[in-house]
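Line by line, the protein sequences are chains Z and V. Okay, so the first sequence: first residue is 65 according to the numbering used here, each after it adds one. Okay, so the second sequence: first residue is 5 according to the numbering used here, each after it adds one.
Please keep in mind that the hints were generated in silico from the structure rather than gathered at the bench. If you're wondering where the values come from, they're calculated on a predicted model, not measured in any experiment. All C-beta atoms, glycine included, are put in the ideal place defined by N, C-alpha and C. Treat the hints with caution; some may be incorrect.
With a cut-off of at most 27 Å between alpha-carbon atoms, the simulated BS3-like pairs for lysine-lysine come out as follows [unchecked claim]:
1. V/K259 / Z/K199
2. Z/K404 / Z/K113
3. Z/K164 / V/K86
4. Z/K137 / V/K106
5. V/K159 / Z/K199
Over 10 Å on every C-beta distance to chain V, these chain Z residues come out as not near it, computed from the model [stated by the list, open to error]:
6. R186
7. R206
8. T207
9. G221
10. P374
11. R382
12. E398
13. K404
14. A419
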Amino acid sequence: MSTSIRTIVKKAVRVVSPAPSTPGAPAPMARLGPGPEAPVLGHRAGIDKVDYGSSEFPDCRNEQNYSVDVNGKTYKIFFLCGHPRSGTHWMDGVLSLHPKVWIDGEYRFESMHNALNDFTGRTWHAGHREPMRSKAIESFHRTVKDVIGASSADRPGAAWLGDRTPRPARCFVPGAPHFLIIRDPRDVIVSWAHQEIKNAGFNYADGGFDGHFKPTREQFLADPSFFKNNPELLLGHEPWLRRLAWRCRRHMRVDLECLKLIDEGKTSGGITGGASRCHVVRYENIHKDPESERNAMYRFLGLDPSEAGPLSDETKTRPRLAEENPHGLYRRGEVGDWVKHFTPDVKRWFKDEAADLLIELGYEKDDNW
Amino acid sequence: MMNLWRKNKTEPSETLAPSKGVEHRYVFVSGHPRSGTNWVSSLLNIHPECFCDGEFHFLILRWAMDGFTSLPWYLGAMEPQKSVAERAFQQLIRDCLIERAKVRRPGAEPPAVLGDHTPRLFRIMISPPEARYIIIQRDGRDVLVSYTFHLLNAKAADVIPEHIRPFYQQQLAKLDGTQESQRLAGAALLEYEPWVRYYANFWADHVLHDRRIYQSVASQGFGAYVRFVSYEELRADVEGVRRGLYEHLGLDPAKAAPVSPETNTAPGFGGREDVTSFYRKGEPGDWKRYFNASNAKWFHETAGEAMKTLGYEPDGAWVDDIASAPLPPDPRGTQIASNQSDNGVQIKPHAPQTIQHTH
């Protein structure tokens, strides 16, 4: 068989080849472990800055990169990222208190981004070759900006329009500013476990935990205070805790890798990305001093904080809700709630999986907690 | 593997609106691999006003867009974002096809009709009437035989499902570059029940999916923009069928060049068979040389409904006919009579049999 024919054959047969492996859900296992990886920001003791990257990067200076025209008006776009249950909803509300900001929901552009990677990444796809590849990437950027731009109808006076998908801080649109909210992973897991059990969410279903949790879940659905009264049952199943901790660690390490790349002026978003800048918000800090923290967020977008509306219970923008709602999207938002649910066993399993993450994020100095 | 084709378990009905004010028209040729998508695109390309070149695999983006615009808790599922996203997706496809034409035909203006011929499941990529669709279908038994040799030629174990990969690799190991070794390996795969059932099901799923999507499109009044072509019909009357295809795209058939072996547009390949070639034989009914009572039964049990739907066989009578009919020449030649099968069972040529292979 000639080489050219062989090439054609290979190209054609790979139509049916599987997509490049994406990080799948790990099966519940006895011990996943943090592995031998070095700290992501190993040259630093945890996250030691608030702003990563620079507005002086060429991609950031060129506002056209992250602007969209809608009905003759130009809007700039930004992204709010973070692990699920880290406070992205809360920050969304806080940012939207400013009349020049509108952010109200999740787009999940990463699914399109992943598809674009497949579309352009396989040598036998026509989209792999130039200039089709660049054209497809340009179209992706336009799609993201146009779709977010469509939300301008909800606040025509806004200057900034945002996306609040709980995802790692990968930059898909060069120059676009990002917010990354970081929360103590132990509190994240407590909040996440409530939500997963209540909704029979992805981790609950995919991990096959219904067999273990079914009676517990039924009691929780009937009585929202169930885990408050039985705190040891929320995380007391080893494969469950290990899975949540493992996935949380993986997500947050990607966040740290993104911060490192952003700080170095490199792309954190693969083929579609570029240089960007990122403002890190600590959930615990905004609890402690919400006014200072939110003012810094507005200033990061070049806005005057004094124009923002006040924090209020009505807008669910005050730290710590007056009433706890274990079934709700806004459960309570308490800092340090994890201590009620971390039995000695849970602590041990968590340390196996993610002790290094706590140190790198600066929540603990060592394993002696 | 194969999940790339099947990962979207839902089949959202197509939501279509006629497009207006277009610069080009577009054509998407699709079908199960080894059904003739290359042939159809070659026929289109001998028309000076059409350029249908390249496998873009837009379906990957289509599926991502489905997820983006259909999950109710995503903003992309709400208006106006949903419509904006769909328009942007269609523009991405236009951009890619126009760029492709510019690259492949430097200095020339892209012709009126631009297209893609990825062998894939049928989905709407650009709304009609701006885009037209051609779906080519072929007898699943011929597809099975052709696809089997195609996969052998590709030597791509990574695209073979795990449960049949070891046996496939055993056959690959026996290839020595000769037509004879290729034929023997192909025949062995076609007598391996898990192989036959898997790829019969793969074909059946594909063609039935395409029918369902077509129903959805037709129910919205756009059925006229989708044309089904059968490989067998094309073999029997290439001139008549291609005339219909040009008309389907709004092109004047008289402007098309004649079919020729040089452009891979003439039917068949001179009657020869090259089992190591991308263009193996192209002969309708060639499956009869590779089917016996056993694999016919497996195929019918797996894909009988699809065969009926496509009008190839009304029922399973053809399986009985094979069992009782005089045996055709064995495609493996006479050597096999003295060979052992993989598990050491003596194979008797022409005898209906099920060979139990160990993994």
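Hints and how they fare:
Between the alpha carbons of V/K259 and Z/K199 the distance comes to roughly 32 Å, so the proposed pair goes past 27 Å and is violated. A threshold of 27 Å between alpha carbons decides the hint, and for Z/K404 with Z/K113 the separation of about 30 Å lies outside it, so the pair is violated. For the suggested pair Z/K164 and V/K86, the alpha carbons sit about 24 Å apart, so the restraint of at most 27 Å is met. The suggested pairing of Z/K137 with V/K106 is violated, with an alpha-carbon distance near 34 Å, which exceeds 27 Å.
About 33 Å separates the Cα atoms of V/K159 and Z/K199, which puts this hinted pair outside 27 Å; it is violated. A beta-carbon of chain V is positioned within 10 Å of the beta-carbon of Z/R186; the least distance is around 8 Å. Consistency note on Z/R206: stated as away from chain V, yet its beta-carbon is not over 10 Å from all of that chain's, at 6 Å minimum. Distance check on Z/T207: its Cβ comes as close as 4 Å (rounded) to a Cβ of chain V, failing to clear the 10 Å threshold; non-interface status is violated.
Once the 10 Å rule is applied to beta carbons, Z/G221 is consistent with being away from chain V; the minimum gap is 18 Å. Distance check on Z/P374: its Cβ is at least 27 Å (rounded) from any Cβ of chain V, clearing the 10 Å threshold; non-interface status holds. No Cβ of chain V approaches the Cβ of Z/R382 within 10 Å, the least distance being about 25 Å, so the stated non-interface status holds. The non-interface label for Z/E398 is consistent with chain V: the shortest C-beta to C-beta separation is roughly 25 Å, beyond 10 Å.
In this structure Z/K404 is separated from chain V by more than 10 Å, as the shortest Cβ-Cβ distance comes to about 29 Å. Non-interface status of Z/A419 relative to chain V is upheld: no Cβ of that chain comes within 10 Å, the nearest being about 34 Å off.
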